[in-house]
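Trainee: Residue numbers (the working numbering), protein chains in the order written: chain A, 1 to 286; chain B, 1 to 123.
Certain hints may be false.
[Stated by the list, open to error] For lysine-lysine, the following DSS-like pairs were computed, each having C-alpha atoms within a straight-line distance of at most 30 Å: (1) B:72 with A:195; (2) A:254 with B:72; (3) B:70 with A:195; (4) A:92 with A:195; (5) A:139 with A:61.
Derived by calculation from the structure, the hints in this document are not laboratory data. Just so you know, these numbers come straight off a predicted model, no measurement behind them.
Each chain, written out:
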Amino acid sequence: MELAVSVKNLVVEYDQFRLENVNIEVPAGTIVGFVGENGAGKTTTIIAILNLIHYQKGEIKVFGKEMSEGEQEIKKRIGVDLDDSFFYDNFKVKEICQVLRQMFPDWDQNFMDVHLKKAGIDPQKKFKECSMGMKAKLKILTAVAHQPELLILDEPTSGLDPVSRDDILELFLEFVQDEQHTILFSSHITTDIEKIADYIIFIHEGQIELNIEKDQLLDTYGLLKCSKQDAADLADFPYEYHQSIPYAEKFVIKDRQGFQKEFPDLTVERITIDELLLMMSKGERA
Amino acid sequence: MEIILSAQTNKPIYEQIYDQIKRQILAGTLKTGEELPSMRILAKDLKISVITTKKAYEELIRDGFVTSIKAKGCYVAQIDAVFRKTQEEQNIRIKLQQIVSQGRSIGMEKKDFKEFIDKVFEE
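Bound-form chain A, shown alone:
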């Protein structure tokens, strides 16, 4: 499998924070969702991939090459949306496009015009006058308009209403109509990831907890809530995470169907990404 991004044994250290041996693989042609609570290390990992911070250890390759083998060439092929847009507040949307057009030879103004219209963004509007939804869309559109093969997006949908988020997901799915196109995006709005991601990477306290095909997670993992007595009867059945909550016990089970066969009287439900994240941070690992 061809990899758009590979991160091996990445270690990043600063005062209060440490990324510990992070390993990530983003197969070309897929959408990979990157989830974790605030401060878990999503942004740090992303800016390390983009070679924007110094890292202590590890090997990072984009399109099979390290940044030292030609950062400019590699970055031309990446569309980026980070928290800060670096757009001047007083620039009109039209002027932002003109500047970017100078920077990127493959800039597709036609794409921009079509999508600005679709998003209801007036090119004459100043950036500071745009709504939050418009700003978010504009950032993503400018990331796509220079025709990259890889999009790396940090929280592209945060702070947006469901309608705007849906528009953005549509844009992502349009982008991957080309089989070589790849998206790595972080989000704590996990329903977005649940919808469109092919793979999900969970990060917790600077470490990768789980890297899994989304369908496998949703189709096989389960959440069990039961009494203390029932929990004692489970004996040796393997679980991933456990948490005691008021009046009950909660377990994350890897093989929902297998569990159900063995314990037909207990109900084990599908698990959502949100619940799994909660169990990772509030529960304890088996």
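We have chain A; now place chain B onto it with these hints.
Mentor: Chain B alone, transformed into the frame defined by chain A:
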């Protein structure tokens, strides 16, 4: 083609797609030779991941409902009468299994089922 996905059921999304396309092929609403949307377009339209649509299509191809022509696309396969009949029989078998396990849970035996079936035929 119609596909209605539900997040509430326990059934995986790829299986929901598989079942609904299969049903429409067996019912003849999707006709032999008809082109199906590409996996990527279907994923986009349904707002789901490509891996999911890929899995559904792979199983439809494996089970002979769909043929894939390289670099062209996926088409509804020729379904003959015998194949249709075996598929229906398979469905009936699955329903029967459910009925039998339901009956067993209240202590019914083989002969009880036979009596039931005889009665149904006499009606």
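Trainee: If a hint holds in the structure, say so; if it does not, say that too.
Mentor: For each hint, the structure was consulted:
no.: 1; hint: B:72 with A:195; in the structure: holds (27 Å)
no.: 2; hint: A:254 with B:72; in the structure: violated (39 Å)
no.: 3; hint: B:70 with A:195; in the structure: holds (28 Å)
no.: 4; hint: A:92 with A:195; in the structure: violated (34 Å)
no.: 5; hint: A:139 with A:61; in the structure: holds (25 Å)
Taken one by one, the earlier hints fail for this structure at numbers 2, 4, listed in ascending order.
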